[in-house]
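Novice: Take a look at the letters that make up each chain.
2 protein chains.
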Amino acid sequence: MTILETIENRASYRGTFQNTAVSRKDLIKIMEAGLAAPSGCNTQTTSLIAVDDAGLLHRLNEEIKIDTVATAPAMICVLTQSIVAYRDRCFNIQDYSAAIENMLLAVVAQGYQSCWYEGYITDVDVIGRKMADILGVPDDYELVCFLPVGIAEQPVTSPDKKPFAERAWFNGFKT
Amino acid sequence: MTILETIENRASYRGTFQNTAVSRKDLIKIMEAGLAAPSGCNTQTTSLIAVDDAGLLHRLNEEIKIDTVATAPAMICVLTQSIVAYRDRCFNIQDYSAAIENMLLAVVAQGYQSCWYEGYITDVDVIGRKMADILGVPDDYELVCFLPVGIAEQPVTSPDKKPFAERAWFNGFKT
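One line per chain: the protein sequences are E and F, in this order.
The first sequence begins at 5 in the numbering used here and counts up by one.
The second sequence begins at 5 in the numbering used here and counts up by one.
One should not assume that every hint holds.
Any copy, or any two copies together, can satisfy a pair, since identical chains are not distinguished.
Taking lysine to aspartate or glutamate pairs in the EDC-like style, the calculated list, with each CA pair at most 20 angstroms apart, reads [claimed, not checked]:
1. 165 with 36
2. 33 with 170
3. 166 with 36
4. 29 with 9
5. 69 with 57
6. 178 with 137
Don't read these hints as lab results, they were simulated from the structure.
Using the sequences and the accompanying hints, generate a full structural model.
Specialist: Structural data, given as structure tokens:
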């Protein structure tokens, strides 16, 4: 697949996963793709923890409580630090979002599927903080997202999107 | 190039550009890549304006005031809307950041270079708002980023980054 095909083929997969391990080599490639993303003034605010230990996955899934996610043989947890990049501004949301997108593409390029779970774990239930505690993550890092990784057991479907002409134009707004 | 090679080869290019037009076909592919990014609860908060009109580029560059950017034959402006996705939460920063990363990869995959200019135009000088006014963008959209697009005239260099082991681990923090 070309990169443009991979970008077009990526979709948020919320189904169950096959009981097939993801190799360390593949997990490293996925994380390398994430760390290759740009960051505001090169502050490198994003860190990653890949989890492939069955016992640890079980403990994390006791907090996450999503049946489909619990079938994934691996998971990548995304950590962020609020580091000032430019004057008084911090771009860590942009940084980890670019890193996540790179990882989602690397996941698909290697034959796996995933989904960006963020709002669910950074909400009032603070599931992300509970996951961080299980993983020994200190308080100056926030666990903002996890990506289940595995081979899809069900069809991958894409959501409906607005047509190109409603979201992109040349030389002016809605022109 | 495979997607992983493209991800590793992408870098923020701040040099001058060759005086060679970027085809509409290529600009459309780049924007399609951006719009293919996921968005929180599929809110599709990101919109794009590609600029390849010389007069309009000149007017935008009078506000931007970066000599190297002024040599780019095209530019993509990134617009965002604050649309609630989940409970009272809005993920538009995440949405446009994933879209920008996809576009930066599509740029490199097609032989061009670019750079993510955001902090500079969303700061106290409100250059982004001035650019939005030139492009006829209404107040409920924010112009948060522009990407110059063109063929590099100078070498593309990557910044130093921390080693993998300082930013990524398995089954625990710094393990």
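Novice: Each hint: holds or not?
Specialist: Here is what the structure says about each hint:
1. 165 with 36: This pair counts as between: shortest inter-copy Cα distance 12 angstroms, intra-copy 30 angstroms.
2. 33 with 170: between (36 angstroms within a copy, 16 angstroms between copies)
3. 166 with 36: between (32 angstroms within a copy, 12 angstroms between copies)
4. 29 with 9: between (23 angstroms within a copy, 16 angstroms between copies)
5. 69 with 57: Cα proximity of residue 69 and residue 57: one copy only (18 angstroms, versus 52 angstroms across).
6. 178 with 137: between (47 angstroms within a copy, 13 angstroms between copies)
In this structure, every one of the numbered hints holds.
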